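*Asks:* Listed below are the residues making up each chain.
2 protein chains.
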Amino acid sequence: MAGPAFEKIAIMGAGLIGSSIAHAAREAGAARHVVLYDSSEDVRTRAAGLGLGDVVGTPAEACQDAGAIFLCVPVGAIAETTQAIAPHMSRGAILTDVGSVKESALSAMQDHCPAGVHLIPGHPIAGTEKSGPEAGFATLFRNAWHILTPLPAQEETYNSAVDRLAGFWEMLGAKVEIMDAARHDRVLAITSHLPHLIAYNIVSTAYDMESVGEGEVVKYSAGGFRDFTRIAASDPVMWRDVFLNNKDAVLETLGRFSEDLAALQRAIRWGDGDTLMREFERARGIRKAIIEAGQDSAVANFGRNSDETET
Amino acid sequence: MAGPAFEKIAIMGAGLIGSSIAHAAREAGAARHVVLYDSSEDVRTRAAGLGLGDVVGTPAEACQDAGAIFLCVPVGAIAETTQAIAPHMSRGAILTDVGSVKESALSAMQDHCPAGVHLIPGHPIAGTEKSGPEAGFATLFRNAWHILTPLPAQEETYNSAVDRLAGFWEMLGAKVEIMDAARHDRVLAITSHLPHLIAYNIVSTAYDMESVGEGEVVKYSAGGFRDFTRIAASDPVMWRDVFLNNKDAVLETLGRFSEDLAALQRAIRWGDGDTLMREFERARGIRKAIIEAGQDSAVANFGRNSDETET
Numbered sequence: 489m490a491g492p493a494f495e496k497i498a499i500m501g502a503g504l505i506g507s508s509i510a511h512a513a514r515e516a517g518a519a520r521h522v523v524l525y526d527s528s529e530d531v532r533t534r535a536a537g538l539g540l541g542d543v544v545g546t547p548a549e550a551c552q553d554a555g556a557i558f559l560c561v562p563v564g565a566i567a568e569t570t571q572a573i574a575p576h577m578s579r580g581a582i583l584t585d586v587g588s589v590k591e592s593a594l595s596a597m598q599d600h601c602p603a604g605v606h607l608i609p610g611h612p613i614a615g616t617e618k619s620g621p622e623a624g625f626a627t628l629f630r631n632a633w634h635i636l637t638p639l640p641a642q643e644e645t646y647n648s649a650v651d652r653l654a655g656f657w658e659m660l661g662a663k664v665e666i667m668d669a670a671r672h673d674r675v676l677a678i679t680s681h682l683p684h685l686i687a688y689n690i691v692s693t694a695y696d697m698e699s700v701g702e703g704e705v706v707k708y709s710a711g712g713f714r715d716f717t718r719i720a721a722s723d724p725v726m727w728r729d730v731f732l733n734n735k736d737a738v739l740e741t742l743g744r745f746s747e748d749l750a751a752l753q754r755a756i757r758w759g760d761g762d763t764l765m766r767e768f769e770r771a772r773g774i775r776k777a778i779i780e781a782g783q784d785s786a787v788a789n790f791g792r793n794s795d796e797t798e799t
Numbered sequence: 489m490a491g492p493a494f495e496k497i498a499i500m501g502a503g504l505i506g507s508s509i510a511h512a513a514r515e516a517g518a519a520r521h522v523v524l525y526d527s528s529e530d531v532r533t534r535a536a537g538l539g540l541g542d543v544v545g546t547p548a549e550a551c552q553d554a555g556a557i558f559l560c561v562p563v564g565a566i567a568e569t570t571q572a573i574a575p576h577m578s579r580g581a582i583l584t585d586v587g588s589v590k591e592s593a594l595s596a597m598q599d600h601c602p603a604g605v606h607l608i609p610g611h612p613i614a615g616t617e618k619s620g621p622e623a624g625f626a627t628l629f630r631n632a633w634h635i636l637t638p639l640p641a642q643e644e645t646y647n648s649a650v651d652r653l654a655g656f657w658e659m660l661g662a663k664v665e666i667m668d669a670a671r672h673d674r675v676l677a678i679t680s681h682l683p684h685l686i687a688y689n690i691v692s693t694a695y696d697m698e699s700v701g702e703g704e705v706v707k708y709s710a711g712g713f714r715d716f717t718r719i720a721a722s723d724p725v726m727w728r729d730v731f732l733n734n735k736d737a738v739l740e741t742l743g744r745f746s747e748d749l750a751a752l753q754r755a756i757r758w759g760d761g762d763t764l765m766r767e768f769e770r771a772r773g774i775r776k777a778i779i780e781a782g783q784d785s786a787v788a789n790f791g792r793n794s795d796e797t798e799t
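As given, the protein sequences belong to chains F and H, one line each in that order. Per the numbering used here, the very first residue in the first sequence carries number 489; after that it's consecutive. Per the numbering used here, the very first residue in the second sequence carries number 489; after that it's consecutive.
Here are some chain H residues pointing at chain F (derived, C-beta under 10 Å):
#1 G564
#2 V691
#3 R718
#4 F731
#5 G743
Because the hints were derived from the structure by calculation, they are not lab data. Predicted model, so just to flag it, every value in this text is computed and none were measured. A virtual CB, placed ideally from N, CA and C, is assigned to each residue, including glycine.
Work out the full structure: start from the sequences and follow the hints.
*Replies:* Structure representation (structure tokens):
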């Protein structure tokens, strides 16, 4: 068994991801000392009650002597959080985040990150639709991808900091992937951001259909609709920030989606069953690829606990 | 324990739903004699191997003396199947179906159903994304809604046939609901048909995004996309027929969806975070209603077995 990757880590933001890092790091022995801070006093109190680690009252206490600082806040709060902790980070410390958009997260951190701190943006491809410190659990990252988007062409101490951070995530059970931030944002626009936008939208459309009372939408939701409502239950602040901060890639992807949808709409209107069949067969093929690649629920984690924990 | 609802039932079509009815009816003792027919010889052979009941080689053998005949074929095949069995149905028998669109299913059956046979369209709100006789299982309908759309204002023997069919489904564990066919089609357009169309479409869009290799879409599908691919793995023929046969309600619902999506697109383009928040918060509310109504996965069945059986 290797020793801990870090003597002390600071987790800024004790929501689903922050509290899961705390649980997982303690269980794996990946950090000797886990300290959490949240800007909400209510969340701090709840986190303290869960025994996630040392919950402290100021960013300064959290970051002092921490080998790695994890920003687990919505993308829109990264800039101000970095600014708040900037005076308290040690030279040689790692500053990372878990934001779903990497170019703007990087830029928000860069604006305030002091020299001598290793800035290494990151994004765990794991989550559930739940929010808050109570939602976290130790196995959230197990077998999930963790994408790091390090700065290009850095000196050796930076590269070894990347290795150390990757080692930490591997101790938590994640598979680490290195990727360019811009590419990350384009890939995630289709694999995550657009699906969430679509899910929010269809739920909203259903809500408004006065010809179908809300009671019936709920009652017969097992026909497919229910699966969308789970995704659409995700944290609204987090997702607002994703769409505001990955605007170009999301709009480009959404444009393609709308074009394709118009073609299906036309096929339905004109009774063109061959076009419908062709598109539906193709969609089936990609599902098969996901199962064959082991990317189905046995491996990846989105919503993994929802059946067990939802009440 | 009550006796069987029917001495003999005939199941026309041994796919996911047909084979699940056979499993469930035998397990519940809801029919003394379960006979299956499928137009595909290959499916008949597989169904016989699964011990689902007596698999016979002609529609005539299946329907002779059957108290209830279940058409478990895609909506587009209901007319010809009804035509094929019309000479073989007994006076007083019940003819029902499991199609996802009820107005056109009713009309297809009415065109060929002989006098003296009680025509009672039906639709179980249950299913998985799998197809074929091997996909069926006895608990598929348990706690799921089963919608019957009987003809209006019939004589007493018809009404008692409806009661008998409802009793059969209740023995299989379903909760029976009576509804007007047109209303069914409007409700299901939003709770089932549109969600499937959207899922097929987003999977198709992802497939085409040459800027993101297919490998990466699969690899990072846990971010939300994967949930759509499961729905989009559903039987293409069945769904083609749904969209061709519920055209008006689907196009109306799709029109609203596209309007709403355009509003979200505009909010993203203009950085209007308040609009995004408002819509996302609303979507969260309807999820809560579904959980509170017990319509989450503990009760309803779509995709219920996918984690256990998918390989």
